[in-house]
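Just so you know, the protein sequences line up as chains A and B, in that order.
Counted the way the numbering used here counts, the first sequence spans residues 407 to 727.
Counted the way the numbering used here counts, the second sequence spans residues 407 to 727.
Incorrect hints may appear among the rest.
Note that the list lumps identical chains together, so a pair holds whenever it fits in one copy or between two copies.
Derived EDC-like pairs: lysine to aspartate or glutamate, alpha-carbon spacing no greater than 20 Å straight-line [claimed, not checked]: (1) K414 with E531; (2) K512 with E471; (3) K414 with D716; (4) K414 with D603; (5) K550 with D534; (6) K512 with E437; (7) K494 with D436; (8) K550 with D716; (9) K539 with E522; (10) K512 with D436.
Source of the hints: derived by calculation from the structure; they are not laboratory data.
Protein chains: 2
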Amino acid sequence: MSTLARIKQAAAVLNGVARRTPLLNSPFLDEIAGRRVFVKAECLQHTGSFKLRGAWFAISQLSDEDRARGVIAFSSGNHAQGVAYAAKAAGIPSVIIMPQDAPALKIANTRALGAEVVLYDRATEDRDAIGEKLSSARGLTLIKPFDNTDVIAGQGTVGLEIAQDAAALGITHADVLVCCGGGGLTGGVALGLSETDLRARPVEPVGFDDVARSLRAGTIEGNAALTGSICDAIITPAPGNLTFPIMAQRCGPGMTVTDDEALRAVALAFQRLKIVVEPGGAVSLAAALFHADQIEGDAVICVATGGNVDAEMFTRALGTL
Amino acid sequence: MSTLARIKQAAAVLNGVARRTPLLNSPFLDEIAGRRVFVKAECLQHTGSFKLRGAWFAISQLSDEDRARGVIAFSSGNHAQGVAYAAKAAGIPSVIIMPQDAPALKIANTRALGAEVVLYDRATEDRDAIGEKLSSARGLTLIKPFDNTDVIAGQGTVGLEIAQDAAALGITHADVLVCCGGGGLTGGVALGLSETDLRARPVEPVGFDDVARSLRAGTIEGNAALTGSICDAIITPAPGNLTFPIMAQRCGPGMTVTDDEALRAVALAFQRLKIVVEPGGAVSLAAALFHADQIEGDAVICVATGGNVDAEMFTRALGTL
Chain A
407 MSTLARIKQA AAVLNGVARR TPLLNSPFLD EIAGRRVFVK AECLQHTGSF KLRGAWFAIS
467 QLSDEDRARG VIAFSSGNHA QGVAYAAKAA GIPSVIIMPQ DAPALKIANT RALGAEVVLY
527 DRATEDRDAI GEKLSSARGL TLIKPFDNTD VIAGQGTVGL EIAQDAAALG ITHADVLVCC
587 GGGGLTGGVA LGLSETDLRA RPVEPVGFDD VARSLRAGTI EGNAALTGSI CDAIITPAPG
647 NLTFPIMAQR CGPGMTVTDD EALRAVALAF QRLKIVVEPG GAVSLAAALF HADQIEGDAV
707 ICVATGGNVD AEMFTRALGT L
Chain B
407 MSTLARIKQA AAVLNGVARR TPLLNSPFLD EIAGRRVFVK AECLQHTGSF KLRGAWFAIS
467 QLSDEDRARG VIAFSSGNHA QGVAYAAKAA GIPSVIIMPQ DAPALKIANT RALGAEVVLY
527 DRATEDRDAI GEKLSSARGL TLIKPFDNTD VIAGQGTVGL EIAQDAAALG ITHADVLVCC
587 GGGGLTGGVA LGLSETDLRA RPVEPVGFDD VARSLRAGTI EGNAALTGSI CDAIITPAPG
647 NLTFPIMAQR CGPGMTVTDD EALRAVALAF QRLKIVVEPG GAVSLAAALF HADQIEGDAV
707 ICVATGGNVD AEMFTRALGT L
């Protein structure tokens, strides 16, 4: 089970490995939101997203024998890069299974970080079967993107850092808005905040609000579709079996934002904070800026979860300024 | 005189005020440069540039009477925003004199930060006369952008932080490349590094290399033109009477980069570091990436001095990817 003690252990393992990302702010954003807005810039993390934290801690917790054989992950995105980077640093093999129509740059980046990339055809091949075959042949350990207690604990170090920085700023009661896919980060942050009066809340794209609906229903609900939003980094089928109970126990109500609001948040983060955030990493800031009526208190903290956005999408975002 | 002791005093004053900006890196940039590259992300500083440091410290050193009367600065750029922000925080008036053809957004931003903006016509009015009249009428203290010992000491805190972070990384000998206008930051950083074997080196745009030429000549030389580069933030007539002797004593040879190289560095900082850097703030990274043959050692540190770039210029930079 993930607990605060486990997150503190993860923080010790990640010390000097993960960047201590800054909490940024701007009076211009405060004015839009009608309260003080702080942004935890995880886009500045190694590999451009928080995913490194969970991947690194999960790999660190393997037995020596398992670790030596290597790890495997299914991902075409931020989790792939986090696992590849952590595995390379640990000096172990990593295999990343990606659809062959994944962006060439993401494939190249993951290879450049030291991973063996195995491509499959989404139409004709079974991803899980390929992974199963590789894992059993080589003894690779699967690192799931969110439904893994060590991954949740690693992501939870974001919450610990927010708790410390908020205390230094004198912020004792506030919502902490988290861009939410499967809930590994949101659940981890909620646990990381459990000794404070800060409250984690998931933020999702409109139409892909499986976590918000699941929290309202008190049981896991899925998304009707898995494509159709530019916030691809946080589109997942449903909250996890491990992450959902944590979120149900600890999180405040979910929020949703439109793609257009996410793009405007990307542009404002460029203009006012000088950081590069991907649309799926900006939904938290979008919620703070454009749905202020759903938030209480004189301060809000947003996790900007990732910055892996291509030039074309970023240019589109800048067009909203 | 600016000294290391004075910079340490400035660091104490700026503690909790200026952001401790991170030193970022990426294996992809290391590969281009052929050595480890670290980027001090001063674009993440409040107001989007290092200028806040010098402005804040200079204001803090005024007598209570002078401070209460307020400050004045000539600037349409980063110095203006630094002075306005620091003055507002100190609760004192600030007057910023800008040409009336300055970008509307910069004027609006400076006003929003609390400054009184006085516009003048470059063709028909004398900037200095306007400033002189306002200063004497109201008893305002002029905060020069670089040729002021307290401003130099404030900027020098960037050097202190680099010295500490480099030591933590085990980097003992390396060039520290600094985007250089009048030399306030470059001189300050050189002083801040004076207890280390790190060496500050100014980087300028081709054709506006007054500091590099002055260092070679051993005497102050000016630029033939003051317009014609996209790196406008670091185009100044000549090194200062206070900054030049510091740089002559302490800095390594200057380097120059083209506008196109600066734009490519902006794009690579977007893609690999997830930060927004203006062209004039990226010449240091451009020198590290594209003029590696002029640098010695297995590591180099670049100061990314500012991120105040508009969407149009940034989009142009992204087009180089």
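A quick look at each hint next to the structure:
1. K414 with E531: For K414 and E531, the Cα distance exceeds 20 Å both inside one copy (41 Å) and across copies (63 Å).
2. K512 with E471: Neither way: K512 and E471 sit 30 Å apart in one copy and 59 Å across, limit 20 Å.
3. K414 with D716: Cα proximity of K414 and D716: none, with 34 Å in one copy and 41 Å across.
4. K414 with D603: Within one copy only: 18 Å inside a chain, 37 Å across chains, cut-off 20 Å.
5. K550 with D534: within (12 Å within a copy, 64 Å between copies)
6. K512 with E437: Only across copies: K512 and E437 sit 17 Å apart there, 37 Å inside one copy, limit 20 Å.
7. K494 with D436: between (40 Å within a copy, 16 Å between copies)
8. K550 with D716: neither (25 Å within a copy, 40 Å between copies)
9. K539 with E522: Within one copy, since 15 Å is at most 20 Å while 69 Å is not.
10. K512 with D436: This pair counts as between: shortest inter-copy Cα distance 18 Å, intra-copy 34 Å.
Checked against the numbered hints above, the structure breaks hints 1, 2, 3, 8 and satisfies the rest.
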